[in-house]
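Engineer: Given chain A, work out where chain B should sit, using these hints.
Protein chains in written order, with this note's numbering: chain A, 626 to 832; chain B, 626 to 832.
It is worth saying that the hints were derived from the structure and are not from the lab. Hints are not guaranteed to be accurate.
No copy labels: a pair is met if it fits in one copy or bridges any two.
When the alpha-carbon atoms are kept at most 30 Å apart in a straight line, the in silico BS3-like pairs for lysine-lysine are as follows [said to hold, decoys possible]:
1) 804 x 670
2) 670 x 753
3) 630 x 753
4) 804 x 630
5) 753 x 814
There are 2 protein chains.
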Amino acid sequence: MPHLKLSYFDFHGGRAEPARLALSVGGVAFEDHRFAFPEFAEVRKSTPLGQVPVLYVDGVAVTQCDAINRYVGKLAGLYPVDPYQALLCDEVMCVVEEASVRLGPTFHMAGEEQKAARLELVNGAMPKYLAWLQMQLIAHGGEYFSDSRLTVADLKVFVDVRGLNSGRLDHVPADLVEKVAPVLNAHMKRIAQLPSVVAYYAKFDQN
Amino acid sequence: MPHLKLSYFDFHGGRAEPARLALSVGGVAFEDHRFAFPEFAEVRKSTPLGQVPVLYVDGVAVTQCDAINRYVGKLAGLYPVDPYQALLCDEVMCVVEEASVRLGPTFHMAGEEQKAARLELVNGAMPKYLAWLQMQLIAHGGEYFSDSRLTVADLKVFVDVRGLNSGRLDHVPADLVEKVAPVLNAHMKRIAQLPSVVAYYAKFDQN
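Excised from the complex, chain A in its bound form:
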């Protein structure tokens, strides 16, 4: 197994959290490098395209979160071997990423501009993405998104839905997912209760 160092903001969310979870759930050792938001300006000077997360594989810096999720998913046994199941897993990760990219610019807005942009998403794209994800989940048995077992797609959706529910996103109602896609919300709660996920977060509470 290569030496892995995953570098990202120090919070339980965002674009590195699915990979952190996958590595932890799969019992793969890695250096969990975290930095505070104000440190980003300095950190990005040495990262590919100025971006995070970065996964250092035996010292080689690799960026792009879904490339990372897929790679650590393979190492952790949380990525389908069957090409068709892998396709379904990838499709879900791509859709969540697309939705995140739509939301991204609003983090750099404030006041009425942010409110208008977020409400447009809340009343337009977000319910569509959530409904599609719920439809995919139901179409594949209702428990997991692909391969009839936990994969990185479940972890990515879990982190995304938990973030939407957090109430920390101004103008995004904390009950949006429950109203639009209750089966998806139930999936999030189920993933949160997996013993390996509970154990991962328990480590932070002990510190």
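Structural biologist: Chain B alone, transformed into the frame defined by chain A:
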């Protein structure tokens, strides 16, 4: 092998072209469903999230171009089996997609607004992405992006660079890639001359 139908706009570019090329280069049979731009409004009524390309796998509609590229890449023998090489392949595809997403909104602009938006990219993000891609290419031997052989990453970059060079993108100089990343431009020309790629496009000229 499943029955494959790939549905996308009828031109030699965009988000389905790498998959069309991969399937053709790999000798995988597929239904190459193409529609004219004005038909899109009707086509999208029945596609997931109103998007194209769509790959129908034994009739099941799957969207998201990089998920499709990866799947057909596996079927065509153009995707690395080694997880680390697959990571490098994925990273390149993700970066090209990210650059495309940055360019996307400018297609819905006109006049001075489009000019300003495109010039901002031409003088900012685009050279950065191109330089990074060239750096990756050189770092892995200068011929291919991963696995020391042709993969879907090469095909995706090829389609992207060819599009930038086409002169059809207003305000994007047709010599931008040659000026910023000549090794990347040489890669594009080399891919274009692969016998399997030449044979693919020759079919259209015969029609």
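Engineer: Next, verify each hint and record whether it holds.
Structural biologist: Consistency of the hints with the structure:
Taking identical chains as interchangeable, the C-alpha atoms of residue 804 and residue 670 lie at most 30 Å apart only when they sit on different chains, with a minimum of 24 Å there against 42 Å within one chain. Taking identical chains as interchangeable, the C-alpha atoms of residue 670 and residue 753 lie at most 30 Å apart only when they sit on different chains, with a minimum of 13 Å there against 37 Å within one chain. For the homomeric pair residue 630 and residue 753, the shortest alpha-carbon distance between copies (25 Å) is at most 30 Å, but the shortest distance inside one copy (35 Å) is not. When the C-alpha separation of residue 804 and residue 630 is checked against a cutoff of 30 Å, the pair qualifies neither within a copy, at 38 Å, nor between copies, at 35 Å.
In the homo-oligomer, the alpha carbons of residue 753 and residue 814 lie at most 30 Å apart inside one protomer (21 Å), although the nearest pairing across protomers, at 41 Å, exceeds that limit.
Violated hint: 4 only; the structure is consistent with all others.
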